[in-house]
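Just so you know, the sequences run in chain order A, B and C.
Numbering of the first sequence is given in this note's numbering, commencing with residue 1 and proceeding in unit increments.
Numbering of the second sequence is given in this note's numbering, commencing with residue 1001 and proceeding in unit increments.
Numbering of the third sequence is given in this note's numbering, commencing with residue 2001 and proceeding in unit increments.
Everything labelled a hint here was simulated from the structure, so no lab data went into it.
Any given hint could be a false lead.
Quick partial rundown of chain B residues pointing at chain C, CB under 10 Å, derived from the structure [claimed, not checked]:
{"no.": "1", "residue": "1115"}
{"no.": "2", "residue": "1119"}
{"no.": "3", "residue": "1126"}
{"no.": "4", "residue": "1127"}
{"no.": "5", "residue": "1131"}
{"no.": "6", "residue": "1200"}
{"no.": "7", "residue": "1228"}
{"no.": "8", "residue": "1234"}
{"no.": "9", "residue": "1241"}
Facing chain A, from chain C, some residues (calculated, C-beta under 10 Å) [unchecked claim]:
{"no.": "10", "residue": "2125"}
{"no.": "11", "residue": "2126"}
{"no.": "12", "residue": "2212"}
{"no.": "13", "residue": "2216"}
{"no.": "14", "residue": "2221"}
{"no.": "15", "residue": "2278"}
With a straight-line cut-off of 27 Å between C-alpha atoms, the simulated DSS-like cross-links for lysine-lysine are [to be verified]:
{"no.": "16", "chain 1": "A", "residue 1": "18", "chain 2": "C", "residue 2": "2123"}
{"no.": "17", "chain 1": "C", "residue 1": "2125", "chain 2": "A", "residue 2": "59"}
{"no.": "18", "chain 1": "C", "residue 1": "2003", "chain 2": "A", "residue 2": "18"}
{"no.": "19", "chain 1": "C", "residue 1": "2125", "chain 2": "A", "residue 2": "82"}
{"no.": "20", "chain 1": "A", "residue 1": "59", "chain 2": "A", "residue 2": "2"}
{"no.": "21", "chain 1": "C", "residue 1": "2003", "chain 2": "A", "residue 2": "59"}
Cβ coordinates follow ideal geometry from the N, Cα and C atoms, glycine included.
Here are the chains, one letter per residue:
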Amino acid sequence: MKIVDVQDLTVQTSEASKVVNGISFSIEPGERLGLIGESGSGKSMTALAVMGLLPAELKASGNLLLGNGKDAPMQVIGASEKSLNEIRGSVASIVFQEPLTALDPLMKIGRQLSEPLRRWQGLKGDALQEAIISALAEVRIRKPERIAGSYPYEISGGERQRAAIAMALACEPSLLIADEPTTALDVTVQAEILDLLDAVVAERGMSLLFISHDLAVVSRITDHVLVMKDGSVVESGSLRNILHSPNHPYTRDLVSSAKELDDALDIAKKSGGN
Amino acid sequence: MNTKKQRSLPLIVGCTLVGFIVLMALLSIFWTPYSVGDMSGSRLGPLSSHHWLGTDKLGRDLLSRVMIGARIAITVGFGAVFIGAVLGVTLGLIAGFAQRWVDESFSAMFDILIAFPTLLLAMLIVAARGASLTSAIVAIGIGISAIVARLTRLLVKRVLAKDFITASRASGTSWARIIFIHVLPNIWTTLIVTFALQFGFAGLTEASLSYLGLGAPPPNASWGSLLQEAQATVLISPVAAIAPGLLLVCLVIGMNLIADGLRDIADPTLRRSR
Amino acid sequence: MLKYLTRRIIVLLISLFAASSSLFILLRLLPGDPANALLTVGATPQQVAAARHTVGSDLPLFEQYFHWLRDLSTFHFGTSLIGNVPVGPEINSRLSVTVPLTLISFFVTITIAVPLGFIAAYKGKTWYGTILNSISQLGIAIPVFWVGVILILIFALRFMIFPAGGFPPTGWNDPGQAVRALVLPVSTITLVMSASLTRYVRSATLDVLNSDYLRTSRSLGSSFMQAMWRHGIRNAASPVISILGMELATTFIGAVVVESVFALPGLGSLLVQAIGQRDYPIIQGILFVSTMAVLVIGFLVDLAQRLIDPRMSKSLAGQNA
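For reference, chain A alone in the conformation it holds in the complex:
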């Protein structure tokens, strides 16, 4: 069964302008889907809609089924908060772009991490403390004890994002949504985080919905790609097809400008080798 099955999703503002305009896509268990577009293309709103976390001013319509691949999926649009609370985290969790604001500035990392661990893995006391440390170690944080006892502003951007990823993973979701997780980070750290995501998603057999404006970044970590512009999907397909023979003019622009920057990331070699 599919993890995510979206049909004709539309997200509108109160003035009836469409941020997302009737898009459809699906994600199978273990599949990695990339969502590319510039700002304003509606990609972040799509991610929020999947989690049922759209801001109050926006209204979603259409069909959005979310499930863990084994049990019957749930219709997210129009679902009650109560039922959404049960699938948020456990079925799908999300990592946001800016970890500094996504984390509670007044709470230590360890304590923030204990929230999903306690809720979804039912851990308490010493077992909880150990789980916190091992969760931080899993996201390749050096000195997890120090990080667990620190506040977000005391650690680096890369460490913050790793902590955020640890929090998302603590729910043991079937789908991980990553909304521009590397955009706010230094270039050197970006590569590390991408590798980390690649590894944990593979190890846990999760599906991945990776959102970015950067084709080069998306191409490192996904198999299939959706290209969005102004709220609609202009092209979709496997990564190789998109890179080799883009159809839509917008996609062609994206690919060519990515290829111009490809020295550092070696896209050609990857797509040729696959």
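Since the structure of chain A is provided, determine the placement of chains B and C on it from the hints.
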């Protein structure tokens, strides 16, 4: 469009309220229904066609006194804000350009002065110089200058950090030119909003001083004094107590609305529903 | 933490010292000899000398300063120039009115403003939310003495529920009457202060409601209420606490004015009286006591803030900008 109309509404209402009071004040310079010392009316007389707001306990026409009160309120507002602006902007400019410990001393000085309640400051100055309108204006002006100075310092620092200033200096522009051509034009809009807000509070402070008997000596027709005189006989003649207070409220709300309207025009990005 | 505490206490003591010295300098800078208040026009040189001796202004400045510091540290505030009563006890008795007035008003204000501010933010789009918002906008424009007079008009004179002023001569020995005497004054101050505090709380709550960390918590499966409880409250409290110090100072000023409105024998009305009569020892005494109170409160507020917010944001919250 909807938002555009909404934006100018505070400004319109504000200007109407304040304009009404300013008109009253201006008019009082040339003419009031009865002269100030005229005690020909009955004591605490009711509203009538001769005395639109009735008379006070000495038989003076209340409307006339209220009009003069308007003049006092406006004078205090302009006087105090003027002093506060000149003193505050100058000090703020100096502090804005100052570095390290000089800057910190200025900053501490401003903070201390701001923390010190303006009314208390005014009371002290009255204790020293005796009660008069000038004492009040000077005292309130000093209080305002602290707030203006701190704001100016903040704004100046922000402007100076911008690249175009460095570019300007690199091309040899003198500091004086930089102040007048680059710094001031960028900050005056925000400052004007503060001036508008402080105008209202100056009026409130002066009214409090007069109410306590520490304002201008009798026959002080400041709204605060009028209220104090009316208090003893408020059951017999409630209008005498209500009218001055109501007008004061209108003045302050009016100035606040103007400040809101100006803020919207000057910097729409600041409009976080205050 | 201990290091921080000791450092802050040392700073507090230094501030107290600095404040009292500044007070000394300030008062000596005022034009006119304090002795003048004791004299009438056309006093003889002997009378002038005698007056100056009484007041102590014939001593060299340094000696005056030493006497000042010594007196302050033993809480001897000198003698009132009018009525010749010692200042210390006078201030003491007045405190028994002003302190309850200020503190009760302050806490009632917090009790009212915090929930209202939260509602104004959370339910901002509803009709009652908007009304709440408008009322609080209005509230900051209203003079406190006007509210007092209106309340007197309605509740004391028209409906005669509460006294129109005054405080029982036996003070708190008659608690029932004392409380009755304070109801309208407290209400006056509370009405006006709630308006501004509500706005602060609303602003802080809005920041939290729109925050990313709230969204993160919900994305991990928390309900809105759980997320608010776990993250929202602390984050909203931080900016509010930082202005509580200022709000307390403003409440005190409100009390000063309100004491005159309701003829309460408090510190405020004493100050007003002393200023009118140029009674310097009393003015000095009251100023010193208030400054001490302000510094101590500032210290406590700082402490509270540090407990909640380890980032130690030390600015006085940006107001009026």
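Hint-by-hint comparison with the structure:
1. 1115: For residue 1115/B, the interface hint holds, since the closest Cβ of chain C sits about 7 Å away, which is under 10 Å.
2. 1119: holds (5 Å)
3. 1126: holds (6 Å)
4. 1127: holds (4 Å)
5. 1131: Holds, about 8 Å.
6. 1200: The hint holds - residue 1200/B has a Cβ within 10 Å of chain C, the shortest such distance being about 7 Å.
7. 1228: Hint holds; residue 1228/B Cβ to chain C Cβ min 8 Å, cut 10 Å.
8. 1234: holds (5 Å)
9. 1241: holds (5 Å)
10. 2125: Status holds, d = 8 Å.
11. 2126: violated (12 Å)
12. 2212: Holds - the Cβ of residue 2212/C comes within 10 Å of chain A, reaching about 4 Å at its closest.
13. 2216: holds (5 Å)
14. 2221: holds (3 Å)
15. 2278: violated (50 Å)
16. 18/A <-> 2123/C: holds (26 Å)
17. 2125/C <-> 59/A: With a Cα-Cα distance of about 16 Å, the restraint between residue 2125/C and residue 59/A holds, given a limit of 27 Å.
18. 2003/C <-> 18/A: Violated, at roughly 56 Å.
19. 2125/C <-> 82/A: At roughly 23 Å apart (the allowed maximum being 27 Å), residue 82/A and residue 2125/C satisfy the hint.
20. 59/A <-> 2/A: holds (24 Å)
21. 2003/C <-> 59/A: violated (53 Å)
The structure shown violates the earlier hints numbered 11, 15, 18 and 21.
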